[in-house]
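A.B. asks: Given the coordinates of chain A, assemble chain B onto it according to the supplied hints.
Going down the list, the protein sequences come from chains A and B. So the first sequence is numbered by my numbering: it starts at 3 and just counts up by one. So the second sequence is numbered by my numbering: it starts at 789 and just counts up by one.
If you're looking for bench data, these hints aren't it; they were derived computationally from the structure. Mixed in with the good hints, there may be bad ones.
List time: in silico DMTMM-like cross-link candidates among lysine to aspartate or glutamate, alpha-carbon distance up to 25 Å [unchecked claim]:
| # | chain 1 | residue 1 | chain 2 | residue 2 |
| --- | --- | --- | --- | --- |
| 1 | B | K853 | B | D1569 |
| 2 | B | K1480 | B | D1349 |
| 3 | A | K95 | B | E1291 |
| 4 | A | K13 | B | D1622 |
| 5 | B | K1610 | A | D30 |
| 6 | B | K1368 | A | D99 |
| 7 | A | K59 | B | D1316 |
| 8 | A | K59 | B | D1349 |
| 9 | A | K95 | B | D1279 |
| 10 | A | K59 | B | E1315 |
| 11 | B | K1368 | A | D109 |
| 12 | A | K13 | B | E1351 |
| 13 | B | K1610 | A | D109 |
| 14 | A | K59 | B | D1307 |
| 15 | A | K13 | B | D1607 |
| 16 | B | K1368 | A | D30 |
| 17 | A | K95 | B | D1640 |
| 18 | B | K1610 | A | D55 |
| 19 | B | K1403 | B | E1291 |
| 20 | B | K1368 | A | D107 |
| 21 | A | K95 | B | E1433 |
| 22 | A | K59 | B | D1145 |
| 23 | B | K1280 | A | D107 |
| 24 | A | K13 | B | E1494 |
| 25 | A | K59 | B | E1433 |
| 26 | B | K940 | B | E921 |
| 27 | A | K95 | B | E1418 |
| 28 | A | K59 | B | D1310 |
| 29 | B | K1368 | A | D64 |
| 30 | A | K95 | B | E1351 |
| 31 | B | K853 | B | E1272 |
| 32 | B | K1610 | B | E1433 |
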Amino acid sequence: MTLALETTDLKVQLQLNDGEDSWFTVCDLSALLPGRGVAALLPDGRQVALFRDRSGKLYAIDNRDPFGGAAVLSRGLTGTHQGRPFVASPLLKQRFDLETGVCLDDDVVRVATYEVRAS
Amino acid sequence: MSTTALVGNGPRPTIVLVGHGMVGQRFLEALAERGLTATHRVVVLCEEPRPAYDRVQLTSYFSGKTPEDLSLTDMEFIKDHGIELYVGDPAETIDRESKKVTARSGMVVDYDTLVLATGSYPFVPPVPNKDAEGCFVYRTIEDLLAIEEYAKSKATTGAVVGGGLLGLEAAGALKGLGLAAHIVEFAPRLMPVQVDEGGGAALLRTISDMGLSVHTGVGTQEIVVGEDGAVTGMKLSDGSELATDMVVFSAGVRPRDQLARESGLTVGERGGIAVDEQCRTVSDPHVFAIGECALASDGRVYGLVAPGYEQAETAAATIARDDAEFTGADLSTKLKLLGVDVASFGDAHGTAEDCLDVVYSDSRAGLYKKLVIGRDGTLLGGILVGDAEAYGTLRAFTGSVPPVSPESLVLPAGAGESVQLGPSALPDEAIICSCHNVSKGTIRGAVTDHQCTTVPEVKKCTKAGTGCGSCVKVLGQLVTAELEASGVEVDKGLCGCFSQTREELYEIVLALRINTYQDLLDRYGREDARGGDGCEICKPAVGSIIASLAPTIGASGYVLDGEQASLQDSNDHFLANLQKNGSYSVVPRIPGGEITPEKLIVIGEIARDFGLYTKITGGQRIDMFGARVEQLPLIWARLVDAGFESGHAYGKALRTVKSCVGQTWCRYGVQDSVRMAIDLELRYRGLRSPHKLKSAVSGCARECAEAQSKDFGIIATANGWNLYVGGNGGATPRHADLLAQDLSDAELVRLIDRFLMFYIRTADRLERTSTWLERIPGGLDHVRDVVVEDSLGICEELESLMAAHVAGYRDEWAETINDPEKLSRFVSFVNAPDTPDPVVGFVPERDQMKPDLPLLTIGHRPLEGSAQR
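Next up, chain A with everything else stripped away, as it sits in the complex:
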């Protein structure tokens, strides 16, 4: 997560592997509405849900809802719970921490998280 500067030229990028330089460009920063998510398709077929909060911070987690099975987390509503950013699945409303991927309603469940930046 990186603080994004408000410039139209900025691109949203995901880190695919551990390597420093393997940043995958997803879209223009302007495509991300504060408080809403978008889904991105990775070259290997994985799906990522990307979010931007009102302060401009970016988050990326796996798009698939582990409870329902559908790839819909990017369409959930975001919020803040006890200082932690989260998204609530649009299927059955379970909430997932956007920074750790841990489900706030069932902490044995977690989804993958990704490094994301605007540059």
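C.D. replies: Quick look at chain B alone, frame taken from chain A:
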């Protein structure tokens, strides 16, 4: 009903109860509570064809309550306690010598203890032709059924003899049935027993303003009949004649003591079976009498339910060999008569020596309040007409010196030094629920010792508030006060971000014209939530408030505009219904369920071209399933092109207004229900509300559109429309309540405008009209006061808010397909707009297709219901 010739005396002693009215039922409950149903055989002989029902609420039959709704008898209770209940089989003779009761069917029951709860019968003055066709009494459900039938088929005018409590209710019922109604009262004022001259005058004015004709100070001399023997009028004692098609006698009741007289039990000079302080008859230690048939040891016959309940408890306790006595009761009453509050308590008529009055009277507003005060300042009693808000508190203070000056207790709020004396000022011994004799101390105990935290829990624990219900308001205040006192934080806030309720947020948004969520959160959110991102609970709730008020507060009426887009639940954000595999369903509006063949064909072609699964919904429309995000705008474009628009199946908004085919085609129809349904659906389409709104219009009383299971349902009558509100199907079905009758088209629309806007204003998030109506203080009566009588003076505002919504309506689908920026959001992948989501797959089923579900990694555990249609 059994016709067994002889029911023998078993090994267990037998208690026979004669009469199964409210008091009889209460007696059975008291027996069960004391374990007597286990040790005794209990036999009940009931004259009426149905078991005990709520006679106090009898008149509510005319406002839509069914006889089943009125029932007080849980058949499980009867069965579980092994009680033998014989309905329609009254006791005919008692042989006290051999301790046997014979029922009408011939059944003979031996008793060890006999309890008479035969109630009372309506007094009919001995005037000529009192039994003519068209003469009725007002006592049982059967009486009401007969009155209803006669009023509907043979009468346009009706007169009620008697201006007491029941008489006024009867007159209101006749008026509700569409008759011109008269009240004839012998005394110089209405409700002579409960109120004094001043109170009677306030009451007369209000009742007359309702269109009821009141004749006081005149007696009935003769019922006039026509050649066919049916009523045509009545001769009054002042020489005048009143033309009327029917007469309802409601001139008081008399104890039903015939059976007791015939069996040689002592009865009072003016009737009533004489009993001692244990409710045992003075003549026979094996026989008890309770309720309206009993002459209590203080020489009075009590015609109210609360003293009857007390007698039932006393008799049961005595049979169980516990100490109990009934030495007299408080005659305090609080009623809502034809929408007017009337209450009297304690020494209402000031009969005590040297007592003083404090009176506040405002005949313009129909208000009259009188307190009777002793020389030493003790509150002795009082009368309240027009506003009985203070009744619960005042009655509890009766017999003590209130901590504030008496005048401040009757002055209206805002006038001079008026104070609101809360129930917290009451002593612990004060009786809050007089029906069940529950003191304030007991209620506090329920909260502190029994951990009750809500009014329903306290009601269950103490029985308080389960009788006439007049104390429920005070009960609520006490529970809240007690919880707060014991340090329990009663957080009524919407969620972790807002400490306000949805209703309070609505008022803030409307009053301050706040039109963004962030502004509201940063200014009015909880301290630690300000500046944050809110949560999934308050965002859609506030989004809905902003959408409902959009034209008025200067917000965009389009839910995908600006910040509003980030507040919408997933369904609203995509203007379609999310299904389990991530695909969507699409429901175009089909107002009233009416559709042309051309439009049907268009829907069929679209579904075929996009490979969608189609199904007819419960709301008379067609649902197309299996659309991918990126297909939605293409489907809408085809639909909009053919003249369709969004059906808002995805929103907490008006869904559909169903209809039956109505007068146009149907042989039974009396109004054009299809036209009305279309008009209403087009008027309220797109209206965002706390929860979904469903409606239906039926063209006659056969109710084929099932309007009584809707949030607002309309049923045609010969004279117009009846409006029902608060109905629900689903998991907790609720029959809708009748709000108003025989409305013209314009009156109907105006009333629905007000009702919906009042609901939107005051309901909690995700609270359907049915639960809202049950929750809000005052319930249906309060809502009727507000939207019909305009008691809060807000109807003009409610109407103008609705007018603004109607004028500002735009179709969300058309708006979206014409906005390239919004359209760009309708893709499965932001970085691959042309690639469909591979997780969304389908397999064939019954000639169509169904979702091919991905393997689940974890079991299903829904957190919150999210039904979509």
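A.B. asks: With reference to the structure, classify each hint as holding or not holding.
C.D. replies: Do the hints match the structure? See the list:
no. : hint                : in the structure
1   : B/K853 <-> B/D1569  : holds (14 Å)
2   : B/K1480 <-> B/D1349 : holds (22 Å)
3   : A/K95 <-> B/E1291   : holds (24 Å)
4   : A/K13 <-> B/D1622   : holds (20 Å)
5   : B/K1610 <-> A/D30   : holds (15 Å)
6   : B/K1368 <-> A/D99   : holds (22 Å)
7   : A/K59 <-> B/D1316   : holds (19 Å)
8   : A/K59 <-> B/D1349   : holds (22 Å)
9   : A/K95 <-> B/D1279   : holds (23 Å)
10  : A/K59 <-> B/E1315   : holds (22 Å)
11  : B/K1368 <-> A/D109  : holds (23 Å)
12  : A/K13 <-> B/E1351   : holds (22 Å)
13  : B/K1610 <-> A/D109  : violated (36 Å)
14  : A/K59 <-> B/D1307   : holds (20 Å)
15  : A/K13 <-> B/D1607   : holds (24 Å)
16  : B/K1368 <-> A/D30   : violated (30 Å)
17  : A/K95 <-> B/D1640   : holds (22 Å)
18  : B/K1610 <-> A/D55   : holds (19 Å)
19  : B/K1403 <-> B/E1291 : violated (37 Å)
20  : B/K1368 <-> A/D107  : holds (20 Å)
21  : A/K95 <-> B/E1433   : violated (29 Å)
22  : A/K59 <-> B/D1145   : violated (71 Å)
23  : B/K1280 <-> A/D107  : holds (22 Å)
24  : A/K13 <-> B/E1494   : violated (55 Å)
25  : A/K59 <-> B/E1433   : violated (37 Å)
26  : B/K940 <-> B/E921   : holds (15 Å)
27  : A/K95 <-> B/E1418   : holds (23 Å)
28  : A/K59 <-> B/D1310   : holds (18 Å)
29  : B/K1368 <-> A/D64   : holds (18 Å)
30  : A/K95 <-> B/E1351   : holds (21 Å)
31  : B/K853 <-> B/E1272  : violated (37 Å)
32  : B/K1610 <-> B/E1433 : holds (17 Å)
Consistency with the previously given hints fails for numbers 13, 16, 19, 21, 22, 24, 25, 31, ordered from lowest to highest.
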